[in-house]
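Trainee: Below, each chain spelled out in residue letters.
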Amino acid sequence: MNPIFEEIKDAIVDGDEDLAIELAEKVVAEKIDPVQAVQLGFIKGIEEVGAAWTSGEAFLPDVMMAADAMKAGMDVLEEVLAAGEGEGAYEDKGKIVLGTVEGDIHDIGKNIVGALLTSAGFKVYDIGIDQKAEDFVAKADEVGAKIIAASSLLTTTMKSQKVLVEYLDAQNLRSKYKIIIGGGPTSAKWGEDIGADGWAETADEAVELCKQLM
Amino acid sequence: MLPKFDVLTDEQINKIHKNSLKILQEIGIEFSYDPAIEVFKKHGQRVEGHRVFLDPDFVEEMVEKAPAQFTLHARNPEHNLICGGENIIYMPGYGAPFVYDADGGKRDATMADYDNFVKLAGASKNMHMTGGTVVEPTDVEDEIRHLKMAYSHIINSDKCFMGSSSGYEQAMDSIKLTAVLHGGMDVIKEKPALICLVNSVTPLKYDDRMLGGLMAYAETGQPMVIASLVMAGSTGPATMAGALSLQNAEVLAGITLTQCINPGTPVVYGSTSAVTDMSTGSLSIGNPENALFTSASAQFSRFYGVPCRGGGGLTDAKTVDAQAGYESMMVLFAASTTGVNFVLHTAGILQYYMAMSYEKFMVDDEIAGMVLRYLKGFDCDSDEKMAYDVIEKVGPGGHFLTQKHTRKNFKTEFFRPALSDRQSFDGWSKDSIDTNQRAKLKWQEVLASYTPPELDPAVKEKVEAFIEKRSKELLK
Ligand code: B12
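First to last, the sequence lines map onto chains A and B. Be aware that the first sequence starts at 1, since it is given in our numbering, and climbs by one per residue. Be aware that the second sequence starts at 1001, since it is given in our numbering, and climbs by one per residue.
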């Protein structure tokens, strides 16, 4: 086995973004099998962190930095992977557009959800805070996401989650996407009321939810 | 009053103060609101886009202008409050969207809950004012929530209360309404009657809505709390000294702005900094770090010569259990004994500001009573209090239960619990109910027997007319 895979794995476990990029660039430059680099390097690393998280040994900075490093390295490999280079094929577990709704600037919870979804193998497109329904949908359309995940931390911005569902209805796009919602003041009932496909209270539960919906 | 103890040495205060000034001068701080940017430009501060770089001497000079204390006026002058100095002001929790029940249930907070918490605060001898946004009344349209909330404070009690700070317009509404209650804008300009909470957006930002609110209060000479909530580990550094430096920088920048707009405007140095739970990312407030941030903030307020807001009956617990009790006591006790003047969130909070609980309110009210008694300390001012004569009279081996001196003094010297159980085991085991259940009975009893103080019908009519007119405009 090419020793670079082990190095990639360690870079992910250490949450070393720069090193992950550097190693990914080396994979491209030296024409090393990118699918193997992903499977034996990136995914191995993130799985290790994920396991440590589940057992309570890893903390948020560990997981979030690993997810950032993974994302940065995978971005470098994206082109060669898309071109179908390497043995077999690598596919992510599914694409998810994630953001905080219009009028709301809380993003810690959203970032954690994004990191845990990334570490579970999903490809997450984080569009940031204060985002309109149109922005969620435009991004989902652009990247071919299946799930749209919207975070809201204020009772006054929860209705933007409803607006998102209504917007998709109005555009006749509702059946194309699964909408999931979350954030402090939201609830399972609120999710049902507005016709979302799912709600989760914590980031761990959000991962389970996405696995079910994919 | 007891002497306040310090948690920082003079050298540490200086180091942190310098660190904060360096942050403001070299990293700068973002104000998203254009009118605020104009103010800083006018005062010769370096501005790049929305980022302002503050000159250290300028900051010190501006903060100097803020008063060390001020009086907040209530519709009943008996409830006027001095904010600053040795005084301490307690009030209910602020901003929670949920209510948790005694049996573990969770529901959205409503306007009915709002009225109830205002009444409980009105009835309590330990709550000096009725607070603000005591819960988020989710059944009222957001456009007019601020009006309905103010109305609740006005008719359900005659104590001081807080107004909205969500944007210039809403803030002005609450100020004008308060003016109606007190007899005109010039009256409250002279005698400030409304206070609000302005929060920075950590790290190093102030947003439009809050700045609009800040401008409205500063322009009309109404006091405000300028607060920062650093979640150490996520929105701020994971070191205590780093997080405190960041908080201090933000609060100083906010105070500087208020003094630029209207020199001498009463402001309160506010802190709710605490830590991030590194396993879940959630805020955690029932801990020694929060108590330390609170005490350090009180010390910084003394250093800058302004009143301080911080602490409260703060907990991460979801129900009224032992955790709720010990965490809340720690933070409220630390705040109160180290010199905080304005304690938002004294009573009712569960789960890091997410919920209010009636039972928790009663528990915190009891804690507040205990702490207030503690703060009174020892009275050694008279022979009566030194009690030599009665000690002589009883002599060796007697008892004091049947002495006049005892009958006369115990009521004022001893704290009398309203909620705690001091019975024998047999006495207690007749009902064998825990604090949570006792608190439930207690708040129901208090609410049932509370009669709000009467409001002059002519004033009431004016207040209602104002609200009706504004509501129509806002709901259009
Ligand atoms: C930190 C904080 C801020 C920071 C935000 C910094 C940042 N970069 O995010 C600042 C200071 C900027 C801020 C501002 C305001 N805040 Co604020 N804030 C908080 C606070 C203390 C913590 C939020 C947090 O990060 N929690 C930790 C994370 C990990 O939890 P979480 O977001 O809930 O996320 C978890 C789950 O919900 C879930 N999840 C989250 N998103 C999603 C999405 C999906 C799809 C799924 C499935 C799951 C999911 O997974 C996460 C991990 O488990 C809360 C109180 C609280 N205890 O929550 C108040 C709170 C949310 N804020 C509140 C308020 C009122 C405000 C302000 C209006 C002003 C003010 N009074 O402070 C402004 C509004 C600004 C705006 N326009 O958005 C209120 C809301 C009340 C209400 N009416 O709903 C709260 C409840 C505090 C209170 N009691 O007053 N706030």
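No lab work stands behind these hints: they were computed from the structure. Hints should not be assumed to be uniformly reliable.
[Claimed, not checked] Once the Cα atoms are required to be at most 30 Å apart in a straight line, the calculated DSBU-like pairs of lysine-lysine come out as:
hint	chain 1	residue 1	chain 2	residue 2
1	B	Lys1408	A	Lys159
2	A	Lys9	A	Lys44
3	A	Lys162	B	Lys1318
4	A	Lys139	A	Lys211
Treat the numbers as computed from the prediction; the structure is a model and nothing was measured.
Trainee: Now tell me, hint by hint, if it's right for this structure.
Mentor: To see whether the hints hold, each was checked on the structure:
1. For a cut-off of 30 Å, the pair hint linking lysine 1408 of chain B to lysine 159 of chain A is broken: about 60 Å separates their Cα positions.
2. Proposed proximity of lysine 9 of chain A and lysine 44 of chain A is supported: the alpha carbons are some 6 Å apart, at most 30 Å.
3. At roughly 28 Å between alpha-carbon atoms, lysine 162 of chain A and lysine 1318 of chain B fall within 30 Å of each other, so this suggested pair holds.
4. Between the alpha carbons of lysine 139 of chain A and lysine 211 of chain A the distance comes to roughly 21 Å, so the proposed pair stays at or under 30 Å and holds.
Consistency note: the structure conflicts with earlier hint 1 alone.
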